[in-house]
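Here is what each chain is made of, one letter per residue.
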Amino acid sequence: MSIVQDIVTEDSRGEPVAAVAKTYLRIEGLSKMFGDFTALRNIDLEIYEGEFVCFLGPSGCGKTTLLRAIAGLDIQSSGRIEQAGQDISALPPAERDFGIVFQSYALFPNLTVAKNVAYGLENRKAPRDKIRARVAELLDLVGLADQGAKYPAQLSGGQQQRVALSRAIATSPGLLLLDEPLSALDAKVRVHLRHEIRALQQRLGVTTVMVTHDQEEALTMADRIVVMNQGVIEQVGPPLEIYRNPATAFVADFIGTMNFAAGTVEGPGQVRLGGVGLVCDTGELDAGTPVTVAIRPEDIDVQDVASGEENAFEAEIGDMEFLGSFFRAELTGEVIDGAGLRADMSINLVRRKGLKEGARVPVKLPRQRIRIYPESALRG
Amino acid sequence: MASVAQIPGAAIRPKLSRDDWAMRGLMVAIGLYLIITLALPLYAMMSKSIEIYAFQPANVEFQVDEGQGWGPTINALTRGEELGVLTRDDLVTTSDGRIQATRFFPDFSFLSETRYRIRNTEPTDGGFMIRGLQVTHDDWVEYSSGDFRRVTLRPGLSTGLGNYLAYFSNPALFSSIFNSLTIALISTVVTVTLAFGFAYALTRSQMRFKGAFKTIAMVPILVPSLLPGIALIYLFGKQSLVLKVLEWMLGEEAVAGLWQGLINGTYGPTEIYGPIGIVIASVFFTFPHALLIIMTALAIADARLYEAAVALRAPRPRIFWTVTLPGARYGLISAAFVVFNLVITDFGAPKVIGGQFNVLAVDIYKQVIGQQNFQMGAVVSVVLLIPALIAFTVDRMVQRKQVALLSARAVPYEPKPNRPFDRLMLAYCSLVGVFILGILAVCQYAAVIKFWPYDLSFSLNNYNFDVMDGGGWAAYGNSIRLGLYTAVFGTGLVFLGAYLTEKGRGFTYGRTGFQFLAMMPMAIPGMVLGLAYIFFFNNPANPLNGIYATMAILVVCTVTHFYTVSHLTAVTALKQMDPEFEAVSQSLKQPFYRTFGRVTVPVCTPAILDISIYLFVNAMTTVSAVVFLYSPDTALASVAVLNMDDAGDVAPAAAMGMMIFYTNATVRILHSLVTRGLLTRTQAWRMR
Ligand SMILES: Nc1ncnc2c1ncn2[C@@H]1O[C@H](COP(=O)(O)OP(=O)(O)OP(=O)(O)O)[C@@H](O)[C@H]1O
Ligand SMILES: [Mg+2]
Numbered sequence: 001m002s003i004v005q006d007i008v009t010e011d012s013r014g015e016p017v018a019a020v021a022k023t024y025l026r027i028e029g030l031s032k033m034f035g036d037f038t039a040l041r042n043i044d045l046e047i048y049e050g051e052f053v054c055f056l057g058p059s060g061c062g063k064t065t066l067l068r069a070i071a072g073l074d075i076q077s078s079g080r081i082e083q084a085g086q087d088i089s090a091l092p093p094a095e096r097d098f099g100i101v102f103q104s105y106a107l108f109p110n111l112t113v114a115k116n117v118a119y120g121l122e123n124r125k126a127p128r129d130k131i132r133a134r135v136a137e138l139l140d141l142v143g144l145a146d147q148g149a150k151y152p153a154q155l156s157g158g159q160q161q162r163v164a165l166s167r168a169i170a171t172s173p174g175l176l177l178l179d180e181p182l183s184a185l186d187a188k189v190r191v192h193l194r195h196e197i198r199a200l201q202q203r204l205g206v207t208t209v210m211v212t213h214d215q216e217e218a219l220t221m222a223d224r225i226v227v228m229n230q231g232v233i234e235q236v237g238p239p240l241e242i243y244r245n246p247a248t249a250f251v252a253d254f255i256g257t258m259n260f261a262a263g264t265v266e267g268p269g270q271v272r273l274g275g276v277g278l279v280c281d282t283g284e285l286d287a288g289t290p291v292t293v294a295i296r297p298e299d300i301d302v303q304d305v306a307s308g309e310e311n312a313f314e315a316e317i318g319d320m321e322f323l324g325s326f327f328r329a330e331l332t333g334e335v336i337d338g339a340g341l342r343a344d345m346s347i348n349l350v351r352r353k354g355l356k357e358g359a360r361v362p363v364k365l366p367r368q369r370i371r372i373y374p375e376s377a378l379r380g
Numbered sequence: 001m002a003s004v005a006q007i008p009g010a011a012i013r014p015k016l017s018r019d020d021w022a023m024r025g026l027m028v029a030i031g032l033y034l035i036i037t038l039a040l041p042l043y044a045m046m047s048k049s050i051e052i053y054a055f056q057p058a059n060v061e062f063q064v065d066e067g068q069g070w071g072p073t074i075n076a077l078t079r080g081e082e083l084g085v086l087t088r089d090d091l092v093t094t095s096d097g098r099i100q101a102t103r104f105f106p107d108f109s110f111l112s113e114t115r116y117r118i119r120n121t122e123p124t125d126g127g128f129m130i131r132g133l134q135v136t137h138d139d140w141v142e143y144s145s146g147d148f149r150r151v152t153l154r155p156g157l158s159t160g161l162g163n164y165l166a167y168f169s170n171p172a173l174f175s176s177i178f179n180s181l182t183i184a185l186i187s188t189v190v191t192v193t194l195a196f197g198f199a200y201a202l203t204r205s206q207m208r209f210k211g212a213f214k215t216i217a218m219v220p221i222l223v224p225s226l227l228p229g230i231a232l233i234y235l236f237g238k239q240s241l242v243l244k245v246l247e248w249m250l251g252e253e254a255v256a257g258l259w260q261g262l263i264n265g266t267y268g269p270t271e272i273y274g275p276i277g278i279v280i281a282s283v284f285f286t287f288p289h290a291l292l293i294i295m296t297a298l299a300i301a302d303a304r305l306y307e308a309a310v311a312l313r314a315p316r317p318r319i320f321w322t323v324t325l326p327g328a329r330y331g332l333i334s335a336a337f338v339v340f341n342l343v344i345t346d347f348g349a350p351k352v353i354g355g356q357f358n359v360l361a362v363d364i365y366k367q368v369i370g371q372q373n374f375q376m377g378a379v380v381s382v383v384l385l386i387p388a389l390i391a392f393t394v395d396r397m398v399q400r401k402q403v404a405l406l407s408a409r410a411v412p413y414e415p416k417p418n419r420p421f422d423r424l425m426l427a428y429c430s431l432v433g434v435f436i437l438g439i440l441a442v443c444q445y446a447a448v449i450k451f452w453p454y455d456l457s458f459s460l461n462n463y464n465f466d467v468m469d470g471g472g473w474a475a476y477g478n479s480i481r482l483g484l485y486t487a488v489f490g491t492g493l494v495f496l497g498a499y500l501t502e503k504g505r506g507f508t509y510g511r512t513g514f515q516f517l518a519m520m521p522m523a524i525p526g527m528v529l530g531l532a533y534i535f536f537f538n539n540p541a542n543p544l545n546g547i548y549a550t551m552a553i554l555v556v557c558t559v560t561h562f563y564t565v566s567h568l569t570a571v572t573a574l575k576q577m578d579p580e581f582e583a584v585s586q587s588l589k590q591p592f593y594r595t596f597g598r599v600t601v602p603v604c605t606p607a608i609l610d611i612s613i614y615l616f617v618n619a620m621t622t623v624s625a626v627v628f629l630y631s632p633d634t635a636l637a638s639v640a641v642l643n644m645d646d647a648g649d650v651a652p653a654a655a656m657g658m659m660i661f662y663t664n665a666t667v668r669i670l671h672s673l674v675t676r677g678l679l680t681r682t683q684a685w686r687m688r
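If you're matching them up, the sequences are chains A and B in order.
Residue numbers for the first sequence follow the numbering used here, beginning at 1 and rising by one.
Residue numbers for the second sequence follow the numbering used here, beginning at 1 and rising by one.
By construction, these hints were calculated from the structure, which means they are not laboratory data.
Check the hints yourself; a few may be wrong.
Lysine-lysine pairs mimicking DSSO-like chemistry, simulated, CA-CA at most 30 Å apart [claimed, not checked]:
1) Lys115/A to Lys150/A
2) Lys125/A to Lys503/B
3) Lys214/B to Lys416/B
4) Lys150/A to Lys589/B
5) Lys353/A to Lys364/A
6) Lys115/A to Lys130/A
7) Lys503/B to Lys115/A
8) Lys15/B to Lys450/B
9) Lys22/A to Lys589/B
10) Lys589/B to Lys115/A
11) Lys130/A to Lys589/B
12) Lys125/A to Lys115/A
13) Lys416/B to Lys125/A
14) Lys416/B to Lys15/B
15) Lys188/A to Lys130/A
16) Lys150/A to Lys575/B
17) Lys210/B to Lys15/B
18) Lys115/A to Lys22/A
19) Lys244/B to Lys401/B
20) Lys589/B to Lys575/B
21) Lys125/A to Lys150/A
22) Lys244/B to Lys450/B
23) Lys503/B to Lys366/B
24) Lys130/A to Lys150/A
25) Lys15/B to Lys401/B
26) Lys22/A to Lys503/B
27) Lys575/B to Lys214/B
28) Lys401/B to Lys575/B
29) Lys575/B to Lys503/B
30) Lys575/B to Lys115/A
31) Lys214/B to Lys150/A
32) Lys15/B to Lys125/A
33) Lys214/B to Lys450/B
Derived list of chain B stretches under chain A, where covered just means 3 residues or more per stretch with a C-beta under 8 Å from a C-beta of chain A [as the list claims (entries may be wrong)]:
34) 574–583
35) 593–600
36) 678–686
By construction, the Cβ of each residue, glycine as well, lies at the ideal position given by its N, Cα and C atoms.
Just chain A, same shape as in the assembly (with noise of 0.2 Å):
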């Protein structure tokens, strides 16, 4: 799993910029209303000076309303934002201080390159030459030193997206927002753009909220990941965090896959599923409670498991589904049929052990890896 790779191998990010930087933009109680129906809902949120966000949910969930409440476009009903000190929650756009990249990039057709990039330069008393200047360092920054006279019409999709973040980011504004800036782009020019456009932020440093409902986007450029669901924040933090520790099952769903069964406390740092007694964090849980049980499919460990172990038992290996890197095997047997679990295994491993469908292998559930949610979350 790419992803996966991605994150752990990348350890620079795993550690929250929060605990030494300082708040940028600080969200209190914001709410958005139209008409009768809640957008948002008492949403409260810090970002950090320099910090890269991602806002991601389902469609729908209230990410681009969000965004553009912090940028004035479309007020809020009630809240507070407050921007590097300065309470913005009512100004307008135009005093507030942000450069923005819409999905659709929202290019001016009739203006060439250099112009729609030096549109926010001019009428600003800045000599003319100086302005000349700025547009070609920006437009070397992305990469188009050489197309400055075309018009955008005459570009690529990936290259009129670089145009709009050079345009954005010309008048060195303090917070960058992106509303799904990738989205519009074919699959191979967006995982590129994904790195450059999350190097170039590092390289200015600039505060910046992506909204994205492309968990793989998120995962690979943020330095803290917003999710959202129906108009409120399900859980915020930094990506390995989010996919590790799923603060609620929603979630844990929506990022990553994950296998939920259910299950009851049966005690302190114990759980049912199934003929199987799970030890692992129950939280204040009850004894008798219903709940669901979740674990990552890469989380279940097939190999070299001794029986005896904790959260080990045998089980038989159904469907086995090729995923190009490995496989994801059902898991059935008596213990825990039903339930539904399915593992990863590698190609590898599967190769060594001789793996197949009808096997009977010892499987771990690593009690470090158990998620446990109250069974309503999942309805809910």
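Chain A is already provided as a structure; the job is to place chain B with the ligands on it using the hints.
Structure of chain B with the ligands alone, referenced to chain A:
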């Protein structure tokens, strides 16, 4: 309390930027323009329609002194009824109604020594006047018999539905309602049918010369609706060109016999004056409007449906009835209501060729210009507003559905060649084309011969407009000025207004209100608008009274009259622009007018040109509203056509009509050249 806004949970009141204020201010200003040039005049007209002038003899008293001192007080109402001079229930009159005071004294002689006195017990209303001066106090006024014969009772002003009662109890007037509806219905059926055939040929066949036919079909837009009437008079009127041609070909005897046989002896040379003439002329001038709408409807029809039907080997007629017609239904309904509205509110065709056949639009003209009965003109206007408003409302509702269809746009249909069918369509379009061009050709022919039908030699005498009634060549110059002013100011106003409503931030109520105001002009017939302007602007108490009888009022009236279609064109163009342009430029701290000037206007230039050409052409051809508003200094070419025709100078009227046509055609050609040049020049950035 001041900190309430700071507490999370309290509602936010967005702070308005300078741009927001400026944009709202401008929008309110344009909204006010529409209120002043449309809503208020209409209100003035409505009020006028319920104004009643009635004698108030109950308030008037006389005394007579025949040498023995003043006799008993005589009440004018009582005495008048005794004498049959007036009756209690029949006191309604016009503002000019007068009753001689002497009529209350049958044995009056202006040579006698008898003295009279008269007083008005309610001096504010009605009462009496002497030598045109109203007496406004309630004291007795004494006159010798010599002076008393110059005393008249005058009506007072009150309000009520009296004018409407008078209208509906006068068959000569209210039969026009029926006439107007009949004409409009027949014309609608004929035009929509013909236009549908034409549109079908253009969109569903592979016939040749499609471009030429499309151009020809648009020609009627370029001429005043008076012109087809004039052509019809030449073709079928007292000196019928058709008859002459037939006589020349077949001999007089044969033709006379032919007519007798054909039309059972009822053919009279004046037959064309009346409903038949109006319908033909109406079909001519409404054809392009219907064609455009139906063509759009047919063009967006889903090709996949059509191809599926073909694949199922459905026969052509079956496909026509089950796929084509239902697909175009909204277009047909919309076209029908547009045509209906155009015909029922049209003044040009029935004026020229209606003869004794009265319709509502002409009634307004006759009441106002002929009889100076402004109240009754207002009543007819209100009556005319009703069908016009209904047609307008239905059309708007249908258009909305059509738009919904459009956004779910499917694959456009590509017709395949089919020789017999294509030839049939070519023949049909040729017929329609000959009809349209024939009308123009007849007018042009009539304009350049000396004296139809007696002297057919070539002459430009008919272009000697300066020796004729109507305003002469100056009128033509005025029309061009009106066209230019309307195009320039109108386009600016309309486009700015549309921009502010489309791209403004917040202010939902204001923007909705503005949209409503912008739609209103389309529902108001030109005659009604013109008359309303008289009531509103010709009122000395109105501070805007100064623009009355100037070029300015003509420009204002024309801009307002044609506001809606221009507005919709602008809105459509603006809606196609990325809604985030404004957001981006705000984030870049650019004022709205800079983005407006550097991006919005350049990108929308084709639409802006379309609007200005539309305004120019309509300013050149319109008659209905301006016919009430021109002054001797601002006579217009289109009005000159009307007046020359009225005065019997039909050939010069035709000549002037053709001048309008050539002007509009030239401007049209220039416009398409400019548009094409522009698109080539901006190809780089328009490329997709
Ligand atoms: N102007 C509006 N009027 C009414 N409802 C709106 C408006 N804008 C957004 N909404 C609603 O608010 C909710 C959140 O919309 P938003 O655009 O923020 O979603 P999103 O998370 O950006 O989704 P997507 O990924 O599809 O862009 C949606 O249910 C949407 O229908
Ligand atoms: Mg969105």
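Right, here's what the structure says about each hint:
For the hint linking Lys115/A to Lys150/A, the alpha-carbon distance of about 10 Å falls within 30 Å, and the restraint holds. Simply put, Lys125/A and Lys503/B have alpha-carbon atoms about 27 Å apart, close enough for the 30 Å limit, and the pair holds. In summary, the hint linking Lys214/B to Lys416/B is supported, as the alpha carbons are separated by about 19 Å, within the 30 Å threshold. Proposed proximity of Lys150/A and Lys589/B is supported: the alpha carbons are some 24 Å apart, at most 30 Å.
About 16 Å separates the Cα atoms of Lys353/A and Lys364/A, which keeps this hinted pair within 30 Å; it holds. Pair hint Lys115/A plus Lys130/A holds up; C-alpha atoms about 14 Å apart against a cutoff of 30 Å. Taken as a hint, the Lys503/B and Lys115/A pair is honoured in the structure, with Cα atoms around 22 Å apart against an allowance of 30 Å. A distance of roughly 73 Å separates the Cα atoms of Lys15/B and Lys450/B; the hinted pair therefore is violated under the 30 Å criterion.
Restraint check for Lys22/A and Lys589/B: satisfied, since their Cα atoms lie roughly 27 Å apart, inside the 30 Å limit. Pair hint Lys589/B plus Lys115/A holds up; C-alpha atoms about 16 Å apart against a cutoff of 30 Å. Between Lys130/A and Lys589/B the alpha-carbon distance is near 19 Å, which keeps this suggested pair within the 30 Å criterion. For the suggested pair Lys125/A and Lys115/A, the alpha carbons sit about 16 Å apart, so the restraint of at most 30 Å is met.
With a C-alpha separation of about 61 Å, the suggested pair Lys416/B and Lys125/A falls outside the 30 Å cut-off, and the hint is violated. A distance of roughly 60 Å separates the Cα atoms of Lys416/B and Lys15/B; the hinted pair therefore is violated under the 30 Å criterion. With a C-alpha separation of about 36 Å, the suggested pair Lys188/A and Lys130/A falls outside the 30 Å cut-off, and the hint is violated. Distance restraint check for Lys150/A and Lys575/B: the Cα-Cα separation of roughly 25 Å lies within the 30 Å cut-off, and the hinted pair is therefore satisfied.
Proposed proximity of Lys210/B and Lys15/B is contradicted: the alpha carbons are some 56 Å apart, above 30 Å. For the suggested pair Lys115/A and Lys22/A, the alpha carbons sit about 36 Å apart, so the restraint of at most 30 Å is broken. For a cut-off of 30 Å, the pair hint linking Lys244/B to Lys401/B is broken: about 51 Å separates their Cα positions. The suggested pairing of Lys589/B with Lys575/B holds, with an alpha-carbon distance near 23 Å, which does not exceed 30 Å.
Taking the CA atoms of Lys125/A and Lys150/A, the gap is near 25 Å; set against the 30 Å cutoff, the hint holds. Taken as a hint, the Lys244/B and Lys450/B pair is honoured in the structure, with Cα atoms around 16 Å apart against an allowance of 30 Å. For the suggested pair Lys503/B and Lys366/B, the alpha carbons sit about 45 Å apart, so the restraint of at most 30 Å is broken. A distance of roughly 21 Å separates the Cα atoms of Lys130/A and Lys150/A; the hinted pair therefore holds under the 30 Å criterion.
Proximity of Lys15/B to Lys401/B is assessed by CA-CA distance (about 38 Å); at most 30 Å being required, the pair is judged violated. For the hint pairing Lys22/A with Lys503/B, the CA-to-CA distance comes to about 37 Å; that exceeds 30 Å, so the pair is violated. A hinted pair counts as satisfied when its Cα atoms are at most 30 Å apart, and Lys575/B with Lys214/B qualifies at roughly 27 Å. Pair hint Lys401/B plus Lys575/B holds up; C-alpha atoms about 17 Å apart against a cutoff of 30 Å.
For the hint pairing Lys575/B with Lys503/B, the CA-to-CA distance comes to about 9 Å; that is within 30 Å, so the pair holds. Of the pairs offered as hints, the one joining Lys575/B and Lys115/A holds, with about 24 Å between alpha carbons and a cut-off of 30 Å not exceeded. A distance of roughly 37 Å separates the Cα atoms of Lys214/B and Lys150/A; the hinted pair therefore is violated under the 30 Å criterion. Restraint check for Lys15/B and Lys125/A: satisfied, since their Cα atoms lie roughly 26 Å apart, inside the 30 Å limit.
For the hint linking Lys214/B to Lys450/B, the alpha-carbon distance of about 34 Å lies beyond 30 Å, and the restraint is violated. Judged by the Cβ-Cβ criterion of 8 Å, the region 574–583 of chain B is covered by chain A as claimed, because 4 of its residues qualify and three suffice. Coverage of the region 593–600 of chain B by chain A holds in this model, with 3 residues showing a Cβ closer than 8 Å to a Cβ of that chain against a need of three. With 4 residues having a beta carbon nearer than 8 Å to a beta carbon of chain A, the region 678–686 of chain B meets the requirement of three or more and the stated coverage holds.
Of the hints listed earlier, those the structure fails to meet are numbers 8, 13, 14, 15, 17, 18, 19, 23, 25, 26, 31 and 33, in rising order.
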